[in-house]
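Enquirer: Residue strings, one per chain:
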Amino acid sequence: MAEKILKIKGVSKEFSKVRVLNNISVEVEKGEIFGIIGENGAGKSTLIKMISGIYVPTEGEIFFEEKLITEFNPQKARELGIRLIPQEFNLINELNVFENIFLGKEFKKHLLLNKKKMISKAEELLLMLHTEIKPTDKIQELSVAKKQMIEIAKALAYESKLLIMDEPTTVLTGSEIELLFQLMRRLKEKGVTIIYISHKLKEVREICDRVMVLRDGEQIEIEDTQLMDEHQMATSMVGRELSQIFPKKNQPSPETVLKVENLCVKGILEDIGFDLKKGEILGFSGLVGAGRTELAETLMGIRKKLSGKLFIHGKEVHIKNPSDAVKHHFAYLSEDRQGTGIITSFDITSNITLNSLNNYCKCLINHKKERETTKEYVENFNIKAASLKTKLEFFSGGNQQKVSLAKSLDTKPQIFIVDEPTRGIDVNAKREIYHFLKQLASNGIACLFISSELEEILGMCTRVVVMREGRITGILDENNMSEKEIMLYATGLKGVA
Amino acid sequence: MKISRVLKGFSAEKWGPLLALAILFAISAFASPYFLKTRNLLNILRQVSYTGIIGLGMTFVIITGGIDLSVGSMTALVGGISILVLNALGGGSWAIFIAILAAIGLGVAFGAANGLIITKGKVAPFIVTLGTMAIFRSLTLYISGAGEFRSQSNLFPELGMGSFLGIPNPVWVFLGLAVLFWVILNHTQYGRYMCAIGSNERVAKYAAIKIDKVRFFAYVIVGITVAITAVLLSSRLNSISSSNAGQNYELDAIAAVIIGGTAMSGGSGSIIGTVIGAIILGIVNNMLNMLGVSPYLQGTVKGLVIIGAVLIQRKNNK
Chain A
1 MAEKILKIKG VSKEFSKVRV LNNISVEVEK GEIFGIIGEN GAGKSTLIKM
51 ISGIYVPTEG EIFFEEKLIT EFNPQKAREL GIRLIPQEFN LINELNVFEN
101 IFLGKEFKKH LLLNKKKMIS KAEELLLMLH TEIKPTDKIQ ELSVAKKQMI
151 EIAKALAYES KLLIMDEPTT VLTGSEIELL FQLMRRLKEK GVTIIYISHK
201 LKEVREICDR VMVLRDGEQI EIEDTQLMDE HQMATSMVGR ELSQIFPKKN
251 QPSPETVLKV ENLCVKGILE DIGFDLKKGE ILGFSGLVGA GRTELAETLM
301 GIRKKLSGKL FIHGKEVHIK NPSDAVKHHF AYLSEDRQGT GIITSFDITS
351 NITLNSLNNY CKCLINHKKE RETTKEYVEN FNIKAASLKT KLEFFSGGNQ
401 QKVSLAKSLD TKPQIFIVDE PTRGIDVNAK REIYHFLKQL ASNGIACLFI
451 SSELEEILGM CTRVVVMREG RITGILDENN MSEKEIMLYA TGLKGVA
Chain B
1 MKISRVLKGF SAEKWGPLLA LAILFAISAF ASPYFLKTRN LLNILRQVSY
51 TGIIGLGMTF VIITGGIDLS VGSMTALVGG ISILVLNALG GGSWAIFIAI
101 LAAIGLGVAF GAANGLIITK GKVAPFIVTL GTMAIFRSLT LYISGAGEFR
151 SQSNLFPELG MGSFLGIPNP VWVFLGLAVL FWVILNHTQY GRYMCAIGSN
201 ERVAKYAAIK IDKVRFFAYV IVGITVAITA VLLSSRLNSI SSSNAGQNYE
251 LDAIAAVIIG GTAMSGGSGS IIGTVIGAII LGIVNNMLNM LGVSPYLQGT
301 VKGLVIIGAV LIQRKNNK
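Sequence lines, in order, name chains A and B. For the first sequence, the working numbering gives the first residue as 1, with consecutive numbering after it. For the second sequence, the working numbering gives the first residue as 1, with consecutive numbering after it.
No wet-lab data here; the hints were simulated from the structure. Here the structure is a predicted model, which means the values were calculated and not measured. The beta carbon of each residue, even a glycine, is placed where N, CA and C say it ideally should be. Among the hints, erroneous ones may be present.
Interface residues of chain B toward chain A, partial, derived using beta-carbon atoms under 8 Å [unchecked claim]:
| # | residue |
| --- | --- |
| 1 | Gly91 |
| 2 | Ser93 |
| 3 | His187 |
| 4 | Ala196 |
| 5 | Val203 |
| 6 | Tyr206 |
| 7 | Lys210 |
| 8 | Ser265 |
| 9 | Ser268 |
Residues of chain A placed beyond 10 Å of chain B at every Cβ, according to the derived structure [claimed, not checked]:
| # | residue |
| --- | --- |
| 10 | Asn22 |
| 11 | Gly341 |
| 12 | Glu469 |
| 13 | Gly492 |
Straight line, CA to CA, 25 Å or less: simulated SDA-like cross-link-like pairs of lysine to any residue [what the hints assert, rightly or not]:
| # | chain 1 | residue 1 | chain 2 | residue 2 |
| --- | --- | --- | --- | --- |
| 14 | A | Lys391 | A | Ile133 |
| 15 | B | Lys122 | B | Arg202 |
| 16 | A | Lys369 | B | Lys122 |
| 17 | B | Lys120 | A | Val265 |
| 18 | B | Lys205 | A | Phe15 |
Produce the complete structure using the sequences and hints provided.
Expert: Right, dumping it as structure tokens:
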């Protein structure tokens with residue numbers, strides 16, 4: 001029997017009398033990669049926050065290395081060797097790599113900092129991670145994947161025994177994910193235990209030894225990943241057979257709604273040209289940094305274009321700012337939900353009508369009309385809200401995304417740009433969003449569908465534009481659309497860049 | 001049903017300032033027999049009106065994530081020039097009307113100057129208004145030769161000294177404006193947009209809100225409130241002292257906003273809170289006077305009240 005590093009016995013958590021986690025019991029072995037999956041709001045975050053000392057359990061006991069944890073605070077957990085690697089990194093951009101790694105734990109020589117020792121120790125750590133990052137690199141010059149490496153290096157500097165990774169791969173590209181997994185396997189060999197949370201079931205199956213499924217705060221099952229395929233995981237998370245995840249595709253009409261010609265943005269986009277048909281869901285594929293979000297922002301008038309023409313129904317239009325874009329019936333669902341999509345301190349109504357507030361005002365805001373619209377969206381989109389007055393910060397990611405979607409749609413767009421609409425949300429909410437999009441397309445709205453998940457692009461689109469480094473490398477129709485083909489264009493192996 | 005809903009809506013954020021006011025009121029009533037006299041209460045209200053009115057405009061500016069430090073010296077400059085206008089036109093009722101218009105025009109212009117530099121020049125509000133604070137005060141001193149602007153009108157003081165239905169005019173203006181500002185904040189597009197910008201400027205930008213325009217007008221609006229205060233103040237004293245008028249008004253106005261529960265980080269705020277905040281400051285001053293505390297120590301107490309209010313809010317947010 002392997003040594004148990006973490007024992008959770010009958011743990012429950014309540015927030016103001018609402019039970020969000022009920023009677024969880026699990027034992028994690030030393031050197032194991034243990035997956036936790038579940039829909040948004042299933043209680044994954046709550047559970048890891050208790051393990052890492054941020055929340056205090058309402059009931060139950062947690063043992064780390066056979067010792068009962070009595071004092072719940074993050075500092076204490078860190079000292080024990082438990083380290084949470086958050087989705088949002090806690091790095092200071094202005095400082096160097098080694099300064100970040102040893103932040104709050106600096107080596108000193110008398111009163112002064114011992115830089116030499118810190119640099120050499122950091123070098124050692126980075127070498128162990130097999131990266132070419134140097135201790136003296138500036139954080140702000142590093143890619144997201146490298147920043148994550150630094151977070152892991154930080155954890156190792158504290159000699160952590162249990163790493164908790166919360167959705168580590170959402171920000172990474174395919175090859176970066178592979179590197180991360182290699183690193184995780186090496187850590188495992190060194191006896192480091194990892195708790196791994198992800199929505200990407202394929203990855204969970206690939207990297208984890210065992211997986212625990214949570215649903216509505218209940219522990220549903222714990223199973224070897226060898227004995228459970230992705231479909232079974234999804235079914236177990238949702239609690240019922242998933243019906244068809246993607247809706248049947250529409251055949252778009254031949255009528256062109258938007259035509260883009262020779263669009264350039266200095267240093268970012270070059271010679272972008274494509275057309276978008278009425279009722280079409282046009283996919284945009286590419287690696288991170290291909291310029292897809294930048295293209296969306298340019299179409300929305302958020303970025304300045306250097307040259308290029310836009311035609312709507314054959315007529316040239318000029319979009320210089322977001323208001324112009326709204327006037328021409330553009331809407332944008334941003335990839336960065338909390339950064340640019342919704343206001344988390346606003347309630348659901350104020351969020352939904354933010355873009356379309358003009359339609360609710362004469363002199364004063366018609367609050368009744370606002371509420372009625374909100375109720376409609378809440379019903380149609382199946383948004384789970386305690387009340388219409390609840391602030392959005394208390395919503396799960398999936399529900400926030402639905403509000404963000406409702407907000408974009410309330411301007412009654414004809415051209416709808418959706419940017420990674422299902423990032424970080426659960427299977428069920430994903431499925432709902434696919435069906436809304438299809439419904440919109442059926443109603444004649446032209447959708448520009450940006451996504452990094454190929455499965456999604458293949459499932460939803462009849463045509464896909466592939467971008468690489470600010471250029472379009474290929475436009476594929478349904479007959480020659482495949483994961484392999486898209487990747488060839490996205491990586492520049494095919495198509496003239 | 002109704003009661004449980006009311007109780008559910010009870011939050012420290014919303015009711016904290018009112019609770020503090022009630023406690024302070026009760027303590028004051030016990031501490032001094034004069035406190036509850038109508039005359040004293042009306043006097044407190046009148047005294048808080050001047051900075052209270054500016055506090056209303058300041059609430060908007062702070063909600064958008066900004067600050068205006070220039071309001072005190074702007075009060076002196078606007079008041080001074082409007083007295084010059086009044087005197088030049090002979091001091092009759094017509095002259096008073098024009099002087100008020102001139103004051104408001106100046107308030108708009110000075111506010112617009114702040115707003116333009118902040119939005120178009122992209123300079124931090126703190127810096128811009130720190131600069132204009134010095135400029136306005138210096139211009140006031142220069143124009144008056146470091147002396148006093150004295151009105152020659154016999155009619156003008158009636159505006160600021162007078163009362164209607166037993167309540168002093170400045171109090172009416174303060175409460176009337178409070179209602180107007182409350183409506184703007186809670187029931188107009190402009191109010192919603194201010195909160196959106198203060199909460200998350202990028203979301204506001206993506207939502208096609210004209211951010212610069214909204215922020216610009218917040219500074220114009222605070223300029224108008226300064227002008228109204230300047231008129232009320234100069235008509236009460238029938239003069240403006242170039243060195244003392246409006247002294248520390250920025251402190252009192254910002255303090256009222258903060259005590260009223262508006263977050264310095266912007267995004268949300270309460271007009272009712274600001275009114276309560278202003279009154280709390282007034283009562284504190286009044287009590288210190290009645291208890292014979294040295295006027296030099298009153299600033300210390302005011303400072304403690306401001307810091308205490310923020311500490312309590314911080315605790316509640318955790």
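Enquirer: Each of the hints needs a verdict: does it hold here or not?
Expert: Outcome of the hint check:
1. Gly91: Cβ of Gly91(B) sits 38 Å from chain A, so the hint is violated.
2. Ser93: 32 Å, violated
3. His187: 4 Å, holds
4. Ala196: Hint holds; Ala196(B) Cβ to chain A Cβ min 6 Å, cut 8 Å.
5. Val203: Hint on Val203(B): holds, closest Cβ of chain A at ~5 Å, below 8 Å.
6. Tyr206: 5 Å, holds
7. Lys210: Lys210(B) check passes; min Cβ-Cβ to chain A is 7 Å, inside 8 Å.
8. Ser265: 10 Å, violated
9. Ser268: 6 Å, holds
10. Asn22: The claim stands: Asn22(A) keeps its Cβ more than 10 Å from every Cβ of chain B (closest is about 25 Å).
11. Gly341: Check fails; 7 Å does not lie beyond 10 Å.
12. Glu469: The claim holds: Glu469(A) sits with its nearest Cβ about 25 Å from chain B, beyond 10 Å.
13. Gly492: Non-interface label on Gly492(A) holds, nearest chain B Cβ at 31 Å vs cutoff 10 Å.
14. Lys391(A) <-> Ile133(A): Not satisfied, since the Cα-Cα distance of roughly 41 Å exceeds 25 Å.
15. Lys122(B) <-> Arg202(B): Cα-Cα ~16 Å, so holds.
16. Lys369(A) <-> Lys122(B): 37 Å, violated
17. Lys120(B) <-> Val265(A): 24 Å, holds
18. Lys205(B) <-> Phe15(A): 35 Å, violated
When each numbered hint is compared with the structure, violations occur for hints 1, 2, 8, 11, 14, 16, 18.
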